[in-house]
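Residue numbers (the UniProt record's numbering), protein chains in the order written: chain A, 1 to 509; chain B, 1 to 509.
In case anyone wonders, no lab produced these hints; they're calculated from the structure.
Each hint should be verified, as a subset may be incorrect.
[Said to hold, decoys possible] Calculated lysine to any residue pairs in the SDA-like style (CA-CA distance at most 25 Å, straight line):
id : chain 1 : residue 1 : chain 2 : residue 2
1  : B       : Lys-127   : A       : Glu-54
2  : B       : Lys-199   : A       : Glu-330
3  : A       : Lys-37    : A       : Asp-18
Residue strings, one per chain:
Protein chains: 2
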Amino acid sequence: MNPLNPVEFRRQGHMVIDFLADYYENIEKYPVKSQVKPGYLFQSSPDCAPMYPEPIEAILKDVQKDIIPGITHWQSPNFFAYFASSANTASFLGEMLLNGFNVVGFNWASSPAATELEILVMEWLLKLLQLPQSFSTSSDHGGGVLLGTTCEAFVCTLLAAKEKTLDQIGREKTEKLAVYCSDQTHFSFQKSAKIVGIKPQNVRQVVTTRSTNFELSPESLDEMIKRDIEDGLIPIYLCATVGTTSTTAVDPLGTLCEVASKYNMWVHVDAAYAGSACICPEFRHFLDGVEGASSFSFNAHKWLLTNLACCCLWVKDKSSFTKPLSTTSELIANKTTESGKVVDYKDWQISLARRFQALKLWMVLRSYGTIALREYIRKHVKMAKDFEGLVNMDSRFEIMARRYFSMVCFRVSPYAISQHHDNDHEANEFNQMLLELVNATGRVYMTHSVVGGVYVIRFAVGATLTEDRHVKMAWELVQGQATSLLGTPTPNSASNVQPSKQIEGSIST
Amino acid sequence: MNPLNPVEFRRQGHMVIDFLADYYENIEKYPVKSQVKPGYLFQSSPDCAPMYPEPIEAILKDVQKDIIPGITHWQSPNFFAYFASSANTASFLGEMLLNGFNVVGFNWASSPAATELEILVMEWLLKLLQLPQSFSTSSDHGGGVLLGTTCEAFVCTLLAAKEKTLDQIGREKTEKLAVYCSDQTHFSFQKSAKIVGIKPQNVRQVVTTRSTNFELSPESLDEMIKRDIEDGLIPIYLCATVGTTSTTAVDPLGTLCEVASKYNMWVHVDAAYAGSACICPEFRHFLDGVEGASSFSFNAHKWLLTNLACCCLWVKDKSSFTKPLSTTSELIANKTTESGKVVDYKDWQISLARRFQALKLWMVLRSYGTIALREYIRKHVKMAKDFEGLVNMDSRFEIMARRYFSMVCFRVSPYAISQHHDNDHEANEFNQMLLELVNATGRVYMTHSVVGGVYVIRFAVGATLTEDRHVKMAWELVQGQATSLLGTPTPNSASNVQPSKQIEGSIST
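Okay, chain A solo, but in the shape it has when bound (with noise of 0.2 Å):
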């Protein structure tokens, strides 16, 4: 057995491509969320591994049988939860070059091109975003990495600030740091937080409201942090939020960071999904006051056509980065790494081992270009403004958050479900029923939120495929099940408008 024999993986690679462009070709005969119910793999697969080899071509047979049918299609473009990951082609060639290559970059000296292209890629994409010089790797103490997911991203930078006032204070106030938050601030946080050791309470989260747009407000958090300041909690780390993951709220930066500034925070910015929107001019703004954070983080996963998983994450302040993170040891001494000269990433971030992530980034950058990239980004937006335009042709829709970028937050209102006019606790069950009727028809794929206590329905746009037609026929659905719901016509004509129901502020870009 040659595991790498050239000729066999030659021919069976060349297969499962085939294999996948077939897939994407067909991807909207299947139901967008799998319709399988719990254990149905176990009844189909044996319940050992084989003693002997199976041929490629059974394997894929069973892939079509038993594991697409599992699949909720991520890539279809009928596909508007979550946040969409955006595979690609130029992508799952960097991906098959890494695998391919299959090195493992822990330090300079273990690839040398790992560690350099990923410098020069984040370098790249500083530029890309704007973002300050004081976090470029060419600066004397910034620097950006890709790690996997923002969690990560979350760990490492909340242990740095925990573990830098640390060393100032000492460690038996661990259990007075605290560190803050939005209820809009992505539910990973929370756990990150308790990861690194920090008290489950001494999470504090700030109260948004949708009059202000669920924007974290630096007052209030001021107030926040000087009273628990005088209960003893001391305060090292803010997270603030571009584009948060119920409704694309974005955190006023600037201001967020002056309060921080005085009582000498950490500040992390996540935009996870709205950071790549900023490669475009237009949008850049919503990032303005960056330049006083810490550190910055977007998943180029989500929205800048790069596969599962790619955060990329700058800090200004290198050393206090790496210090809790750097490991030593004979196995990995070099001299390149005693000269000096040379990043090893292992010291940022939490695993030793690393996939040449960099190389998929490489490819997007190289294979799209800046201006292909950024009317991508244009197409989503004006998807999701078209989208919001027809719910707000229906008089019994409503928007329920200010739209920013690529996602629309709407329901069914009260008004149109019942006579009890404000009752938000009929139009969250009606609304929660018509999503699950809109998703049981297979041909389209939406998820919700709860936001100030009222269920709204996400419709993201983000997959790669999605096309207007896409957009329009989603929409339609959601109209179509609503009428079956509510018993009453479509109103199909602007004259049943009612104006007041456009959200004040939603922007036009």
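Please build the complex by placing chain B on the supplied structure of chain A, with the hints as guidance.
Below, chain B alone, put in the same frame as chain A:
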């Protein structure tokens, strides 16, 4: 622009398959260890991303010209450094499929196949490794999960042990928690403990010695714990290793678990490298006693023909394990999760997002079959044993640690170097110089360790393409370079052999 145009996907995909097949065909032509100097890539690369798309042909040319020279060729048959990362066709195809689908399998509902195939594959592996049923997902309390790296396994299990204890004794005791390992435990363990908030001084290392094959002594552990308890510490966790990184030493699991159980400690067994070997019945005894452990992990990406990164972890008490890692949010709330009938793997790892890793392991186990996988392991062990035999035939060299698996630790003996027969310091410098000369030829790549103050060269067999001839060539290269350095001819007959150089207890399997 359609970044998932099936026609272009097919055309470019086929090109990259051919590119990589050519790479494997030519891999022996490249210097194994990259010979570039720091900063090499920045000289040839533009300092910002291109505005316009570039054709795949131009990009692949740059991969050949700029990336390949900067890669250390982990897939070269002449790669004997660290522990190998075993690229291969089946796992590569699995990566293609998982990247093609690009699902984000954080919970069952987000893509049922991702969760169910992971459970299935972990059950297959559990049986292959004859792990106790108490680790099985089909048991009441246990379960298996695919993580990226052993560091993640450390962090998650340490967190479980810590939180379980603090729930019982109160959070204010955090500073008293102590965790145990040996001086041969992987250096990432210390960092993982720091991440979860274990006081660095409370990561307690038992010293090992060459005379006991660098094993963690249960008696020494017991004594250390007793003293620590007297000093007010609270022991919560022991990391035992099967196949340490420096010498592939094997800790005595059974007696270590007995000691740990006296103190109600969590025992994690780290078999990152050697776990794969235990699919062969003749090596399975190295895991004897694992039934007393709380968790067990090994890296399929090291020696089980699986692409980076893939760490397989089983735990006996999934409730303690998942409690601190669990998250809930309306954003991902769904009826299947609420039913309690499914596993949501987001609660088994640090991050929320996760790749469909099970696909590649499933491809490997099916494509090769158990019998061929065992043969593959045995072939590597046989090559290492042959290398060990060659070392033993040359009286200038000595084996420095008992060989258990596919790695040989050796050096030029102080006796061969100078009159100062027991001068380890001089021998260390000599062997370091020898290794540098050997690697500088570009024809092979080996790395080193320092154990008990002694510099040893590690010859780790594990690359997928390695054959007998590569092992023989590597040895002749080492001999030749040693001869140049020593200024004496290579002994070429068995009459020079000093049988005493064969280390006591080296196994013949």
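A quick look at each hint next to the structure:
no. : hint                   : verdict
1   : Lys-127/B to Glu-54/A  : 19 Å, holds
2   : Lys-199/B to Glu-330/A : 23 Å, holds
3   : Lys-37/A to Asp-18/A   : 29 Å, violated
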